[in-house]
Amino acid sequence: MANPYHLDESSESAFKNEYPPKIEKVNNETVKIYVWELPVRIFHWVNAAAIFALMITGIYIGNPFFDSMIQGEASGFIMGWVRYIHFFSAFIFTANLLVRLYWTFAGNKYASSNLFRKIFWKDTWESVKFYLFLKNKKPHFVGHNPLAQLSYWVVIGVGSIIMILTGYYLYTEPQPESFLGKLFQWVPVIFGDSFDIRSWHHLVAWAFMAFVVAHIYLSIREDYLSKNGTMSSIFTGYKTESKDSIEDIKDESMPGEKNDKYYM
Amino acid sequence: MKKQKTIYESALDQGISRRDFLKMCTALAATMGLDFSQTDNVVEAMETKKRVPVLWLQLQDCTGCSESFIRSTHPKIESVIFDMISLEYTEVLSAASGVQVESNLETVIKKYKGEYILAVEGSVPDNAGYLMVGGKSAKDTFIRAAENAKAVISYGSCASWGGIPAAYPNPTKAKPITKLVKNTPVILVPGCPPIAEVMTGVIAHIITFGEIPELDVAGRPKAFYRHRIHDKCNRRAYFDAGLFVESFDDEGAKQGYCLYKVGCKGPTTYNSCAEMRWNGGTSYPIQSGNPCIGCSESNFWDNGPFFTRRAKVPGTQITINPDKVGVAVLGATAAGVAIHGAATVAKKKHDEKIRGEE
Ligand code: HEM
Ligand code: HEM
Ligand code: SF4
Ligand code: SF4
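The listed protein sequences correspond, in order, to chains Z and X.
By the numbering used here, the letter at position 145 of the first sequence is numbered 145, and the numbering carries on one by one without gaps.
By the numbering used here, the letter at position 182 of the second sequence is numbered 182, and the numbering carries on one by one without gaps.
No lab work stands behind these hints, which were simulated from the structure alone.
Fair warning: there could be bad hints in the mix.
Simulated pairs of lysine-lysine, DSS-like, Cα-Cα distance not exceeding 30 Å [to be verified]:
#1 Lys182/Z x Lys353/X
#2 Lys32/Z x Lys348/X
#3 Lys135/Z x Lys118/Z
#4 Lys136/X x Lys175/X
#5 Lys138/Z x Lys113/X
#6 Lys32/Z x Lys136/X
#7 Lys348/X x Lys243/Z
#8 Lys137/Z x Lys347/X
#9 Lys349/X x Lys137/Z
#10 Lys182/Z x Lys22/Z
#11 Lys129/Z x Lys348/X
#12 Lys348/X x Lys122/Z
#13 Lys243/Z x Lys175/X
#14 Lys232/X x Lys135/Z
#15 Lys349/X x Lys122/Z
#16 Lys182/X x Lys243/Z
#17 Lys348/X x Lys137/Z
#18 Lys348/X x Lys25/Z
#19 Lys175/X x Lys135/Z
#20 Lys347/X x Lys227/Z
#21 Lys349/X x Lys135/Z
#22 Lys222/X x Lys182/Z
#23 Lys137/Z x Lys353/X
#24 Lys138/Z x Lys150/X
#25 Lys129/Z x Lys347/X
#26 Lys182/Z x Lys49/X
#27 Lys138/Z x Lys348/X
#28 Lys353/X x Lys32/Z
#29 Lys348/X x Lys227/Z
#30 Lys175/X x Lys129/Z
#31 Lys232/X x Lys182/Z
#32 Lys122/Z x Lys232/X
#33 Lys136/X x Lys129/Z
#34 Lys32/Z x Lys222/X
#35 Lys353/X x Lys243/Z
#36 Lys135/Z x Lys353/X
#37 Lys227/Z x Lys232/X
#38 Lys227/Z x Lys353/X
#39 Lys138/Z x Lys347/X
Please work from the sequences and hints to get the whole structure.
Pasting the structure below:
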């Protein structure tokens with residue numbers, strides 16, 4: 001019998017060395033699947049908090065909408081503090097992403113994503129049809145569906161890279177000779193001069209906000225349609241799924257025991 | 001042929017005393033940002049080096065760079081053009097005109113091949129027909145002059161980036177001169193115009209050290225373009241404090257608050273205005289209450305309006321208010337979500353009903 005966990009059969013499993021999730025039996029029909037492991041959940045909320053802090057402070061930096069209370073003399077440090085918080089959040093944001101990148105390889109099968117497979121794009125297309133209320137053959141996904149994965153790649157992946165490159169370039173503009181400054185000296189080759197780089201930084205910031213609206217909506221929608229606890233999953237890690245939905249991992253042993261078969 | 005004089009000798013000929021000569025060297029060293037102890041190097045260079053032949057070409061320009069240049073105060077412009085350099089060709093300053101001058105240009109290119117410095121202001125049109133000087137294509141003249149020069153100094157934003165002639169819609173398809181120079185080193189000295197002392201300082205550096213100054217990634221001398229206006233601005237304390245001019249006639253404007261919110265481009269502009277200032281160190285725009293318009297940056301004319309903060313749409317010459325556009329995009333997303341959400345609920349109800357009937 002063909003191995004049900006063969007790589008090409010699911011757009012959720014991306015790489016060979018990843019392991020299946022922990023599964024707990026609820027009753028004969030339902031199981032609880034540990035989808036988002038702790039590092040993923042910590043990443044998620046640190047990331048969200050950092051982005052909100054960065055956006056609020058960033059908007060102030062771009063357009064300081066309130067003034068210092070002390071008029072007349074430059075004794076306050078409002079913009080100074082706002083910039084300081086922006087930079088502090090930026091460092092956390094960056095470190096957090098690096099940890100998540102590591103977890104892409106160290107985590108369970110829902111922690112990774114591989115765009116370089118035909119099945120991924122086939123399922124993406126089915127997902128697009130699903131969201132457009134068209135007839136589709138979208139399978140049920142326990143993790144993120146490929147369209148969601150794609151949105152994370154584009155916004156959290158590419159978007160964050162743009163924010164980090166442009167952000168650190170702006171950050172090191174006063175000290176081009178510093179170590180960090182030298183690291184980002186080449187950024188103008190891609191993003192243009194100082195004015196262009198600031199523009200990129202500001203515009204992509206808004207792309208993040210648009211993502212957040214769509215992302216929260218789609219999470220709620222998924223929860224509403226599949227009643228699988230998507231919303232609570234990002235807090236607890238568990239989704240409640242019918243046994244059929246884990247067809248591809250069904251002959252796996254129950255919690256704790258490992259099955260070497262899945263480590264091809 | 002008579003022996004060429006050193007810079008010092010020609011200064012003496014001008015009736016300049018040794019004392020004044022040393023003063024000039026000290027001022028020069030300071031302008032170039034050298035340590036006081038290095039003044040000796042400058043004195044020695046001026047005593048031993050010959051005047052450097054300079055050709056000055058004007059392409060698509062407004063002569064503003066020449067105007068700025070002749071206002072250099074330390075070193076005084078007289079000592080630059082009579083002692084340090086030998087200005088062999090210039091349309092603005094030469095007394096002679098016509099065939100005489102034009103033929104001299106060709107003579108100098110041949111006679112001082114590889115020795116002369118080519119100073120250029122203005123951009124080059126793609127179609128040579130847009131710029132003919134003395135009946136010849138200025139583009140061709142420039143290419144020939146640049147090929148045989150020791151170095152090219154690109155004075156002003158037009159020569160360096162394309163500048164105002166290259167601003168949207170760029171009718172002449174103007175290009176920066178760097179696009180046409182292959183094997184000669186180019187020093188970019190952008191600004192609209194550049195600061196006079198920066199212009200002379202670059203020449204002084206080449207004479208003193210016999211080589212071009214250290215350049216940044218964009219090709220500008222680090223000594224003058226290392227910092228943004230914003231990093232050295234006299235109003236910076238107000239920026240950090242969060243005190244901003246809201247309009248040009250408010251109390252903040254009188255108090256000298258930061259000009260960020262009235263469109264100051266200081267945070268994105270590399271130039272030494274805040275340190276060297278203008279007109280012999282008298283003042284500079286921000287000190288006088290006008291926001292920086294970013295004149296030394298590429299595309300500064302298209303990064304406007306001058307008195308509003310904007311963001312540029314990448315790859316275009318259009319600037320927008322990023323927060324207005326951002327909020328609009330967010331609104332559109334929210335509207336899309338609302339419609340999609342309603343449709344989702346309706347479809348689910350419908351599907352359930354059908355399933356119930358089956
Ligand atoms: C700045 C804000 C946010 C960002 C950038 C963000 C980003 C992400 C990312 C990258 C993932 C994938 C997790 C991973 O594999 O590492 C994710 C998943 C998830 N997020 Fe967020 N998130 C944000 C805010 C929120 C909020 C406010 C909620 C809910 C109230 C939420 C609910 C969820 C849920 C339910 C999932 C799992 C969705 C799935 O099945 O694909 N997120 N989010
Ligand atoms: C999702 C992440 C981020 C968002 C939403 C964000 C947002 C913003 C916004 C809206 C601005 C104002 C731009 C303007 O002046 O028009 C800004 C400025 C800035 N950001 Fe970010 N940013 C993010 C990440 C980063 C990162 C990773 C860094 C790296 C250190 C960074 C460093 C800066 C700097 C240096 C400025 C300019 C501050 C100044 O000139 O005073 N940002 N940011
Ligand atoms: S006036 Fe301009 S350059 Fe000076 S601190 Fe304010 S924004 Fe920066
Ligand atoms: S302050 Fe700005 S606009 Fe004014 S001369 Fe200097 S660089 Fe140009």
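Tested hints:
1. Lys182/Z x Lys353/X: violated, 64 Å
2. Lys32/Z x Lys348/X: Satisfied, since the Cα-Cα distance of roughly 24 Å is no more than 30 Å.
3. Lys135/Z x Lys118/Z: Status holds; Cα separation ~20 Å.
4. Lys136/X x Lys175/X: Answer holds: Lys136/X to Lys175/X is near 19 Å, not above 30 Å.
5. Lys138/Z x Lys113/X: Judged against 30 Å, a Cα distance of about 73 Å means the pair is violated.
6. Lys32/Z x Lys136/X: Violated, because 83 Å separates the two Cα atoms, which is more than 30 Å.
7. Lys348/X x Lys243/Z: holds, 22 Å
8. Lys137/Z x Lys347/X: holds, 17 Å
9. Lys349/X x Lys137/Z: Answer holds: Lys349/X to Lys137/Z is near 21 Å, not above 30 Å.
10. Lys182/Z x Lys22/Z: Cα-Cα ~45 Å, so violated.
11. Lys129/Z x Lys348/X: Between Lys129/Z and Lys348/X the Cα gap is close to 16 Å, so the pair holds against 30 Å.
12. Lys348/X x Lys122/Z: holds, 25 Å
13. Lys243/Z x Lys175/X: violated, 67 Å
14. Lys232/X x Lys135/Z: Distance ~62 Å between Lys232/X and Lys135/Z Cα, so the pair is violated.
15. Lys349/X x Lys122/Z: holds, 28 Å
16. Lys182/X x Lys243/Z: Violated, at roughly 70 Å.
17. Lys348/X x Lys137/Z: Holds. Lys348/X to Lys137/Z sits at ~17 Å (cutoff 30 Å).
18. Lys348/X x Lys25/Z: OK: Lys348/X and Lys25/Z at ~28 Å, within 30 Å.
19. Lys175/X x Lys135/Z: Distance ~54 Å between Lys175/X and Lys135/Z Cα, so the pair is violated.
20. Lys347/X x Lys227/Z: Distance of about 16 Å is within 30 Å: holds.
21. Lys349/X x Lys135/Z: holds, 17 Å
22. Lys222/X x Lys182/Z: holds, 15 Å
23. Lys137/Z x Lys353/X: holds, 22 Å
24. Lys138/Z x Lys150/X: Between Lys138/Z and Lys150/X the Cα gap is close to 68 Å, so the pair fails against 30 Å, i.e. violated.
25. Lys129/Z x Lys347/X: With Cα atoms ~14 Å apart, Lys129/Z and Lys347/X stay inside 30 Å; holds.
26. Lys182/Z x Lys49/X: violated, 37 Å
27. Lys138/Z x Lys348/X: holds, 16 Å
28. Lys353/X x Lys32/Z: Satisfied, since the Cα-Cα distance of roughly 29 Å is no more than 30 Å.
29. Lys348/X x Lys227/Z: holds, 12 Å
30. Lys175/X x Lys129/Z: violated, 48 Å
31. Lys232/X x Lys182/Z: holds, 21 Å
32. Lys122/Z x Lys232/X: Violated - the C-alpha atoms of Lys232/X and Lys122/Z are around 56 Å apart, more than 30 Å.
33. Lys136/X x Lys129/Z: violated, 65 Å
34. Lys32/Z x Lys222/X: violated, 63 Å
35. Lys353/X x Lys243/Z: Given pair Lys353/X, Lys243/Z holds - Cα atoms ~25 Å apart, limit 30 Å.
36. Lys135/Z x Lys353/X: holds, 18 Å
37. Lys227/Z x Lys232/X: violated, 59 Å
38. Lys227/Z x Lys353/X: holds, 18 Å
39. Lys138/Z x Lys347/X: Given pair Lys138/Z, Lys347/X holds - Cα atoms ~17 Å apart, limit 30 Å.
Hint violations for this structure: numbers 1, 5, 6, 10, 13, 14, 16, 19, 24, 26, 30, 32, 33, 34, 37, all remaining hints satisfied.
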